[in-house]
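With the sequences and hints as input, model every part of the structure.
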Amino acid sequence: MELSLQQIAEFIDGAVEGDAAIEIRGVAKIEDAQEGEITFISNPRYAKFIDSTAASAVIVGKDFPSVAKPIVRTQNAYYSFLKLLRYFHPQKELLDAGVHSKADIHDSAKLGANCRIGAYAVIDSGCVIGENVQIYPGVFVGKGVLIGDNSIIHANVTLREDVQIGRNVIIHCGTVVGSDGFGFAPEGEIYHKIPQVGTVIIEDDVEIGANCTIDRATLGATIIRSGVKLDNLIQIAHNVEVGANTVIAAQTGISGSTRLGKNNIVGGQVGFVGHIETGDGVTVGAQSGVSKSLPANSVYFGYPARPIMQAKREEAMVRKLPDLLKKLNELETKVETLSSLLNQNR
Amino acid sequence: MELSLQQIAEFIDGAVEGDAAIEIRGVAKIEDAQEGEITFISNPRYAKFIDSTAASAVIVGKDFPSVAKPIVRTQNAYYSFLKLLRYFHPQKELLDAGVHSKADIHDSAKLGANCRIGAYAVIDSGCVIGENVQIYPGVFVGKGVLIGDNSIIHANVTLREDVQIGRNVIIHCGTVVGSDGFGFAPEGEIYHKIPQVGTVIIEDDVEIGANCTIDRATLGATIIRSGVKLDNLIQIAHNVEVGANTVIAAQTGISGSTRLGKNNIVGGQVGFVGHIETGDGVTVGAQSGVSKSLPANSVYFGYPARPIMQAKREEAMVRKLPDLLKKLNELETKVETLSSLLNQNR
Amino acid sequence: MELSLQQIAEFIDGAVEGDAAIEIRGVAKIEDAQEGEITFISNPRYAKFIDSTAASAVIVGKDFPSVAKPIVRTQNAYYSFLKLLRYFHPQKELLDAGVHSKADIHDSAKLGANCRIGAYAVIDSGCVIGENVQIYPGVFVGKGVLIGDNSIIHANVTLREDVQIGRNVIIHCGTVVGSDGFGFAPEGEIYHKIPQVGTVIIEDDVEIGANCTIDRATLGATIIRSGVKLDNLIQIAHNVEVGANTVIAAQTGISGSTRLGKNNIVGGQVGFVGHIETGDGVTVGAQSGVSKSLPANSVYFGYPARPIMQAKREEAMVRKLPDLLKKLNELETKVETLSSLLNQNR
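Residue numbers (our numbering), protein chains in the order written: chain Z, -12 to 333; chain F, -12 to 333; chain D, -12 to 333.
No lab work stands behind these hints, which were simulated from the structure alone.
Just so we're clear, the structure is a prediction, and the values are computed from it rather than from any experiment.
Just so you know, not all the hints are guaranteed correct.
Identical copies carry no separate label here, and so any pair may be met within one copy or between two of them.
Below, in silico cross-link-like pairs of lysine-lysine (BS3-like), each with a Cα-Cα straight-line distance of 25 Å or less [to be verified]:
no., residue 1, residue 2
1, Lys307, Lys321
2, Lys130, Lys180
3, Lys35, Lys56
4, Lys79, Lys130
5, Lys70, Lys49
6, Lys56, Lys70
7, Lys299, Lys314
Listed below in structure tokens is the structure:
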């Protein structure tokens, strides 16, 4: 599987600077790369490694300076790396072809061509599963679930009744889609369960991490729009909508009926209260607590979440509080002195 | 299934104001409701929608003003909505009757009448399962577990050995009850596992969300009292006790041996340290860090958690820090001026 | 199973002070212990219970004062308690011997002697499982996984392809090892998935709680070193390394490529950003947000995490802000008075 640097440049639509004849046998991260391997620099903070890396060549972007080491210059270094990663590590088949004899498929369920279904998976009545779908062992697909073409449902996932999964969706192990929303009507000291008769809609090209929980809507649907990427252990409450191509890091929670815009970037362990909205292009820093709606293209941070410049300034002020107190005490002394001087003068 | 507004009023024990003859074919949230549907207003923040909603009628509480739109006035608008929701969306059977041929029930396990057990569920030796219990596919019920009548154990839940589940309990997908408490005796650099020989007791009418973890006690029992409602991804450590009718939002964690009182309301992503207690009727705001015991009927908030009025006041002060610093600097200048004036005068 | 206090002292390598002939029939925590039971005091905060406990005897450490109640003095009271706990509560067999007829073991998988495999567990092709391994119902072990001797994999765990589990490892229910790292190359508004072709290595003597997620590396391995103890609902991202004998409490998350040193102690709900390191012997308080590397043997706390003394001091200052503002206002008034006095004098 070795490629010359010239062949690599053609494969990733880039241009070689340096010896185009050197042979490359693999890809690696810049800090781990060995001789004969190619690496990449997309984040400027890693540029400093270019002199020390043992890699034989480096993929860089348009603006990267010329260097002694052979480079391949491309439009998007990270994406080029991705293509080479897939070349040197072709996708392995992780689930055997066909429907396992120990899977339990209801007679009324419809399976598209080329599905792979693992042992002890359950597909209940009325399900419609597209082509090339992979359903791993231990998955429970409840009644009336729809799954689009090419989607992958990893082991021990639960898709409850009537949820709709789009095409090219990946759901990682242990995640639950369609659990009941958390809704109760209090009456005196006790709580009556509100039936959760809505559903969940996951659009195309969504990836959902491991052990997430995505609750069904009370009425209507909880919606994860196309291209959304969710990390692990994320909580999405009933009637939430996550806008297209929004990315959310691990352990974040979104409360009921909140709507995130498109192309949001949300850090880990963030909490959103219910019934708020974010505009498109919003960024929220890790561990923030978002308690009100956020305007489009804003950057928020902190507990409670504030515009990031304000949050950083206030944080810096808190760091200075001991100095501030000292200054105040000195000023107080000075004023006392002035005051007695003045009294003497009178 | 259409009902006249008069019939609805009788069904939910309310009184019509306006045209009692109009026909209602469904229920919806106020922002989504269409003509021919009824909605409700229990939260005053939604009152503003009453003029814009397309709903043909609205359920309201005792204190709601008279309006042009037909209303049904009841004691508890939210609870009335719940009853109509169940009328228009009758509970579907989500699990087929009987014990699935591919479930694995130990010979010594006892099942009450009318249980429904899904494919690939395991019920181990010595279990005693009540009447009308539903156990979904992929559930593992360890040795000696007790489950009371009418309880529902959703797919891929694990109930480890000897845990006790009450009546009318609902446990959502992926939740683990009875995992080992996190206890180790350090000896030099290494940690010896403390055997966790206690259990977990879940009382009647409890609902537990998806992918929660409820650890067994080291000795004795971790106890979830009757009527408790837990949201998703909640961590309950060994020897914790959660008081009756306490409600906890998603991703909150309670450390070992802590006891919450009755009727607490706990927000999402809250953390409680170990070995503390809360009184009855305590409210804790989202993302708070509770590091000491809290008195009954108090409202706490923040990191660290403080009485909410104090927390809000201190937060407002932090917002004012830049102003405060400015004021201090101005004062300093003024004092300098005074000082030199005074020196001139001498 | 009764033992005299003398026998207990011999069993735990301690010395009796008081009546060595009394009979002990069980162990309990100091607040729960009854007559005929022995308890222990290792945490000084429980010393106050020694007069009120109903226990017939107490295990204490070297420095504990002499008391009226019979005691057994040992090197490590907590560890001695652990040994007695195991004596009075011998380990029960929770999983029946042998391979369950309803487990699905691939022909090419190798199982060591005395393995116990539960119903509906799946062990895929190429796996190599050591001796005395226990794999509970509903576990999915992907292709090419290695599991060392004496390890216990609890119900509904997923071990994805090629992950390596050491000896004497315990993985609690619902945990996912080897899910894809969260890596995407943005191109315009959309995100391309970075193939995650690395793996996870769990070394010997590790214990991992319930419903945790441990992602595989993009390239190379995510590594959990020997003796590490992880609580429940913890997120370990791709390419993270957790140093030997480090202990992490529930709901903590560690972002990609971060490395924790040895013997760290990390509280619950802590977040670490990616690409940082902690030295050996670091302690991080609960709910902290760690955004930069931490030096060895340091104690950090807060959001953002700071040296604990600094964090506590700044927090105390925030508590004093209302006083500080009052003082500033008083000073301002005083300066105004001085100023007008001075003007009169001129």
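Okay, the hints, checked on the actual structure:
1. Lys307 - Lys321: both (21 Å within a copy, 22 Å between copies)
2. Lys130 - Lys180: Classified as within: same-chain Cα gap 22 Å, cross-chain 30 Å, threshold 25 Å.
3. Lys35 - Lys56: within (13 Å within a copy, 66 Å between copies)
4. Lys79 - Lys130: Classified as between: cross-chain Cα gap 10 Å, same-chain 31 Å, threshold 25 Å.
5. Lys70 - Lys49: Result: close within a single copy only, 18 Å intra versus 63 Å inter.
6. Lys56 - Lys70: within (21 Å within a copy, 61 Å between copies)
7. Lys299 - Lys314: both (22 Å within a copy, 20 Å between copies)
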